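Student: Given next are the chains, with one letter for each unit.
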Amino acid sequence: MTDNKNILIKKILEQSIYPVLPEQLIAMISAVSLKYLKDLTEIRLRINQPLLLVLGNQDITVNPMGEVVVNSNEAYLCNQDDIQRTLQLMSKNSLYAFEHQLRMGFLTIDGGHRIGLTGQAIIDAGEVKTLKNINGLNIRLAREVKGCADQIIPYIITKEGQVLNTLIISPPRCGKTTILRDLIRQISMGSKIYKGLPVGVVDERSEIAACKSGISTVDLGIRTDVLDNCPKAMGMLMLIRSMSPAVVATDELGRAEDIHAVREALNAGVSVVTTVHGKDLNELLHRPYIGELLENKYFHRYILLSDYPRVGTIKKIIDSSNNKILWEGAKIC
Amino acid sequence: MLKLIGSLLVLLVSSYIGFKMASRCQERPRQLRQIITCVGSLRSHIIYSCLPLHEAIANSTNGIYGPVAEFFQQVANLLEKNASLTPQEIIKKVLREMEGSLILKRPEIEVLYVLGGNLGVMNCKEQEKYLSLVIEQLERFENEATRLRDLNTKMYRYLGICGGLAIIIILV
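Sequence order for the protein chains is A and B.
Every letter in the first sequence is one number past the one before it in UniProt numbering, and letter 228, counting from 1, is 228.
Every letter in the second sequence is one number past the one before it in UniProt numbering, and letter 109, counting from 1, is 109.
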């Protein structure tokens, strides 16, 4: 298990992360022991602050030699050049190609790893036009974990082989996208018990399918169509009209138009599997737009995730029709 | 006999120099036109396809051959392999390497440097404005180069032949 984790993290770092980091940061991170790196979930760079390696629920700092240090005074401090160079490498000198993503405060690199950005927002007509003077980067490592949705599948597929409308709920960094990715793969592939269904994926942030030049770099099954880098609401309707999917999957609902598109999909007889940020159902009920979907019981199943005891823990599976808890405890994907 | 062979050689060499200078004079507006076509195509690949810079530059040379296509291809290759270098650094490097084959004057080279300085760092709308400005500047240089070509091509050829004859007369 640990060996697999070591191999996986080495592969992610070498193929996707090192190519977008300046040389001195690569030297530092590659010198850190795999004992720590195997649990790496985020790399955080902030100007004049220590380089932080986030490992699940804790984080570590390292000195310029790549040794883990407790005292932050001994840690390597990131500078403006680190951020600039990283940004240049990530965007491949093509910031214009990430204009839409930059406006939302992130960009996604090859492998589906999302890079969060902070800086000064430039406002035009009340909307964020772009970000300038970037001062912080959060490199979130995406992992493809095949089989992590095994325990959810029996709860969301009926005996007739239909996929129930499913909402995955969790705070950030609990494995929503990883589980959604595996759900898509399993629904698309089918099994001995149920047949595979055509799945349409609207990948607004290029995280689910990790597309490179429009082609998915992860396994999403043989019946999956991906609409990459397309706004959710628009994409869901486009897919329903053009690709006749049985299931539409998308990530992180939130805006009014997303909710409208989900409603349209459900009315068109297409199942929806999606995710939303939130801690529990009560909290979501009070949120605009999402609360409306919950009140009207548009979804059949709610899957609540947590990062305790570790990322990817299924806390509860709830049947929305009678609010019956189908599973409670700590299933670890 | 020796004088005749010597005279013929002088005439051949001077004519060659004259014709060579005339051909350089003809080549310059042609190369400038090709650069304008490439920058125009680059603008389309950036604005409408949002391709990464190296891909956009590589695609901009479709249908173009010779030193200009080679210049843009080399820039695209280096951008892909060395994303840590800025487009300006790469353009400078490639221009230095191709000094002999690209027939460009100082102001045109400066426009290419400045082009590199602003590539990829702005949004699509600003890139479009900027690339249009570069094309306008290059078109002015092209008009001037065409005027010089019409004026000087024949002159260089005649000068080569006549210069050779003059040397022969003086020596003989």
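Rather than coming from a laboratory, the hints here were simulated on the basis of the structure.
These numbers were taken from a predicted model, which means no experiment stands behind them.
Check each hint, because a few of them may be wrong.
Said to hold, decoys possible - Listed below are the simulated DSS-like cross-link pairs for lysine-lysine, each with C-alpha atoms no more than 25 Å apart in a straight line: (1) B:K20 to A:K132; (2) B:K125 to A:K129; (3) A:K132 to B:K129; (4) A:K5 to A:K315; (5) B:K125 to A:K10.
Stated by the list, open to error - In silico negatives: residues of chain A with every beta carbon more than 10 Å from chain B: (6) R85; (7) Q88; (8) G221; (9) M243.
Unchecked claim - A partial selection of chain B residues facing chain A, derived with a Cβ cut-off under 7 Å: (10) P52; (11) G66; (12) N123; (13) Q127.
Just so it is clear, CB atoms sit at the ideal spot from N, CA and C, and this is done for glycine as well.
Student: Confirm or reject each hint.
Tutor: A quick look at each hint next to the structure:
Proximity of K20 (chain B) to K132 (chain A) is assessed by CA-CA distance (about 51 Å); at most 25 Å being required, the pair is judged violated. As the CA atoms of K125 (chain B) and K129 (chain A) are separated by approximately 12 Å, the hinted pair is consistent with the 25 Å bound. Between the alpha carbons of K132 (chain A) and K129 (chain B) the distance comes to roughly 20 Å, so the proposed pair stays at or under 25 Å and holds. A distance of roughly 23 Å separates the Cα atoms of K5 (chain A) and K315 (chain A); the hinted pair therefore holds under the 25 Å criterion.
A C-alpha spacing of about 39 Å is found between K125 (chain B) and K10 (chain A), which places the hinted pair above 25 Å, so the restraint is violated. Look at R85 (chain A): its CB is around 6 Å from the nearest CB on chain B, not clear of 10 Å, so calling it non-interface is violated. Listed as outside the interface, Q88 (chain A) is inconsistent with that label: its C-beta sits roughly 7 Å from the nearest C-beta of chain B, within the 10 Å cut-off. For G221 (chain A), the non-interface assignment is confirmed: its Cβ lies about 28 Å from the closest Cβ of chain B, beyond the 10 Å cut-off.
Residue-level check passed: M243 (chain A) sits 22 Å from the nearest beta carbon of chain B, beyond 10 Å. Annotation: interface hint on P52 (chain B) holds; nearest CB of chain A at approximately 4 Å, less than 7 Å. The criterion of a C-beta within 7 Å of any C-beta in chain A is not met by G66 (chain B), whose closest approach is roughly 25 Å, and the hint is violated. Of the supplied interface hints, the one on N123 (chain B) holds, with its beta-carbon coming within about 5 Å of a beta-carbon of chain A, less than 7 Å.
Proximity of Q127 (chain B) to chain A holds as hinted, the smallest CB-CB distance being about 5 Å (cut-off 7 Å).
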